[in-house]
Amino acid sequence: MTDLSKTGAAVGEPVRAAEAPETFLEVRDLKVHFPTDDGLVKSVDGLSFQLEKGQTLGIVGESGSGKSVTSLAVMGLHRLGNRGKNVQMSGEIWLDGKELVSASPDEVRRLRGRQMAMIFQDPLSAMHPYYTVGSQIVEAYRVHHDVDKKTARKRAVELLDRVGIPEPNKRVDSYPHEFSGGMRQRAMIAMALVNNPELLIADEPTTALDVTVQAQILDLIRDLQKEFGSAVIIITHDLGVVAEIADDILVMYGGRCVERGPVDKIFYEPQHPYTWGLLGSMPRIDREQTDRLIPVKGQPPSLINVPSGCAFNPRCPYADIPKGGITRTERPELREVGGRHFTACHLSQEDRTRIWTEEIAPKL
Amino acid sequence: MISYIIRRTIAAVILLLVVTAVTFGIFFLLPRLAGQTPDQLAAQYIGKNPSPEDIAAVKANLGLDKAVYEQYWDFIKGIVSGATYNLGPTTAKCEVPCFGYSFKNHTEVWPQLVDRLPVTASLAAGAAVLWLLSGVAAGVISALKPGSVFDRTAMGVALAGVSLPMFFTGQLALLVFSYQLDIFGRTYVPFTENPSQWANTLFLPWCSLALLYSAIYARLTRSGMLETMSEDFIRTARAKGLKERKVVLKHGLRAALTPIVTVFGMDIGLLLGGAVITESVFSLPGIGQYAVQAITDNDLPPILGVTLLAAFFVVLCNLVVDVLYATVDPRVRLS
Amino acid sequence: MAETTDDDKPLLKVEGLVKHFPIKKGLLQRQAGAVKAVDGIDFEVRRGETLGVVGESGCGKSTMGRLITRLLEPTGGKIEFDGKDITHLSTGGMRPFRRDVQMIFQDPYGSLNPRHTIGTIISAPFRLQGVEPEGGVKKEVQRLMGLVGLSPEHYNRYPHEFSGGQRQRIGIARALALNPKLVVADEPVSALDVSIQAQVVNLLDDLQEELGLTYVIIAHDLSVVRHVSDRIAVMYLGKIVELADGGKLYESPMHPYTKALLSAVPIPDPRRRSAKSERILLKGDVPSPISPPSGCRFHTRCWKATEICKTTEPPLLQLRPGQQVACHHPENFEDQAPQDTTLLAAAKEAAELVPEAERPAKTDDGDEA
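Chain order of the listed sequences is A, B and C. Going by my numbering, the first sequence opens with residue 1, and the numbers climb by one from there. Going by my numbering, the second sequence opens with residue 1001, and the numbers climb by one from there. Going by my numbering, the third sequence opens with residue 2001, and the numbers climb by one from there.
Here chain A stands alone, though its shape is the one from the complex:
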């Protein structure tokens, strides 16, 4: 399936697959590195995943895990602007049979906003303060459709209505600051959906919102996905959000995927110690108050000096179980542990099952 043997390939020597995959979106061994004065920041360092239309992938990770850079890379946004001037990128991103890493910036630009669209975390700063909500949606439509302003405006009103903005005919001429946070995120979604994209990437779409509004927005995204049949990537740090909305989950740590699989597997049979850590760190509203949370010790790694071997080894309570200090010297490869469920861990299957069922699960 994925080209796992090539993860060690140096940046700049991408290994091209001979032919396009059949999946709608397939990312293969993606690496995105930013040279800085302090050293090379390996934001994404060998990431692979697939996503079919109509499916939702949740990418979970903490700040600096590379989850946002991944989404920007798919959109081709990471190489625009000053930071993107000398970004180093390799690997493949196949979207509907087209490869985007090797495509020209203009080819990617034509897909951006049309075939793939994005929603951002903070809808207030993500919308231009000087233009009306309507004109920003109209602009998004007219980039990819050769229509007059009137037609585009009608389309904007239609979408504002669809995402649940009351009196869309009037609100289309409002400025973003005249909207509430939830309304702004709805407008942002309308803007993203205006061209019927087949891939929708939502980067922390509800983090800046209140919990009742978050429920509204998640509900809306779910409905719209059913209606439009698009593929959705939700990037979040909140396991609750992915549990509600995702079909598959990808857990990122230090620029790499540590575990990937169907949502049930990740929640009920998680395989990676970091996933255990995330589950143990989370206070639960649906459970009796347990005495203590079980946090992951230590701090997230620096992306300039990622620990050798398994990036998680300095924080992993089980790093000493595999023999010969392999966790410190050798990077674990992503291995299938059953039914589309992958993990990158040196622990043996028996150890993992034992630790999960005996030590972790009872405390959650």
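Misleading hints may appear alongside valid ones.
Said to hold, decoys possible - Just so you have them, the derived chain A footprint on chain C, three or more residues with Cβ under 8 Å:
1) 2193-2207
2) 2222-2228
3) 2262-2270
4) 2281-2293
Simulated from the structure, these hints should not be mistaken for laboratory data. What you are looking at is a predicted structure, and each value in this text was computed from that prediction instead of being measured. Where a beta carbon is used, it is the ideal one built from N, C-alpha and C, also for glycine.
Starting from the structure of chain A, add chains B and C where the hints point.
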């Protein structure tokens, strides 16, 4: 918005009154406090070797015997309803608005200002167009490619532009392009008489003045653009699939321009009150030159007039900027 | 200070607390209205307990935190700390009180001066209060650093050299320097990553046990609040709508808003997705605190609202032991205004509900796993 403008206008009028009072105080009260007699003061208003009659006339006309607040009141009254000066054999009528009468040149101040304003305005307007275009363009390009050869060159030139004084660059330009190469004229011709001559004479002052200002504007634009281009809404614009040119010009520049509008309003206001050095270097008969002349002659009424006019323009331009700001940025509510 | 006799008395008592921020308008800048951030709230904080305060943005919970620490001057009402009225104390009069009440802020970076070393930051309270701790300032600061899990050798480092979680620990160490009785924490973990958040939550727990602290923890994350709190106050538009023991509030919420709020929290349990019988999806946004709705402030969004909700403000009453609620038609309890049965027109569209929740049944609390 209307209520805001009214409030600001009232504030502006009060501010102008304060400016006149302070200026008036400096010119009329301080000498008295320093112990000058009304006679000595009056003598300053006349040319060399004043006759006792002249002194008496000036003293009477300006009310130098009266208390300062009465003099101030007369001055304000003059602006509103005019004044008549008795000059012995003749009388001089100072029409509304009477900003005073120069006893040295035997001229009213206001018509002088009116005559000279077009020169200063021409200078300011032309230079402003030049510096806005070059400064903003250079700033934008520099910001898009920070650290590039263009950026370093442009910012180097900008630094030089700020550092080099006008009487150096201006004199040099005059020497080379006018005296040596004879491309540009040196005598000001009003636009209404001969537009091409007008532009020809003003070209060097425009460029010299613009060099100074465009340097400031380039730096300002550059830092503004650098900040704006890293905003989230720029990322959104790109995510829509907009061409980079449109992202920069429509989304980036518009937001980056707001602080520039503020500075621009101030600069124009200040320049309209007289571009003193430029007008002196290029011998342009503008407000600034008038002010320099008046200061050299110790001729108080014109100085007071110019000060008032300058204050008026600064206040006016600030008001315009504020209103403009609210139009540009819908988040700004004028209240 | 005979602690034993004071034990039954609450540490902090708040009565009718009000904070209005005036809005000025027009030619003469006359006051045209006010943001009613906190609009009459009563509660107590008992010694050694943790009171959690939840609510959505704009509900006034942060303003409330700043009022009880007297960082803001109340517009009305009364704040009593340890039996003393501190409502309108002057800056000088506040000085002894400042020792006893400390605050922890959300943004661990913004609240630390970047030009000061950690040692200077944590020892600032000693200098401000003119206290010379036993064994010297440096020794005491290093003890505090150890207490919150920072390495004492980092005494001379600067805030930027620390990660977000460590910076929050610095903030906690500073707050603990003077041995406060009450610590008010405003969103103490919301800027932190999940794994770090758990570390800080545990640290707060440990410190409470070790030092006998009393906490008021203000947060928007209901899961965090549930985990840390003994009692919880739910705020909506400047009012407390429900104040109850943690378990009771989550198991059988009585105010419809509490119920809606709880049901909106995403649960990290994918199997519950299909079994979401209790989901209440509120429509629209919170009204403006400048002109809050009449009567019960929640009536514009409540699916149970009747005429009385529009006209009469429900008082905060103890309906069950350990559970106060301000509602005419509470959930999980007998109706307080049974005569009023006609739903308001808006109520029918106020929320998206599943059938069982539509009628106020006596026991419709969910199966909490």
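Comparing the hints with the structure gives:
1. 2193-2207: Coverage by chain A holds here, the residue count being 10 at a Cβ distance below 8 Å.
2. 2222-2228: With 6 residues close enough to chain A, the hint holds.
3. 2262-2270: The restraint on the region 2262-2270 of chain C holds, since 9 of its residues have a Cβ under 8 Å from chain A and three suffice.
4. 2281-2293: With 6 residues closer than 8 Å to chain A, the region 2281-2293 of chain C meets the three-residue bar; holds.
In the structure shown, no violation is registered for any of the earlier numbered hints.
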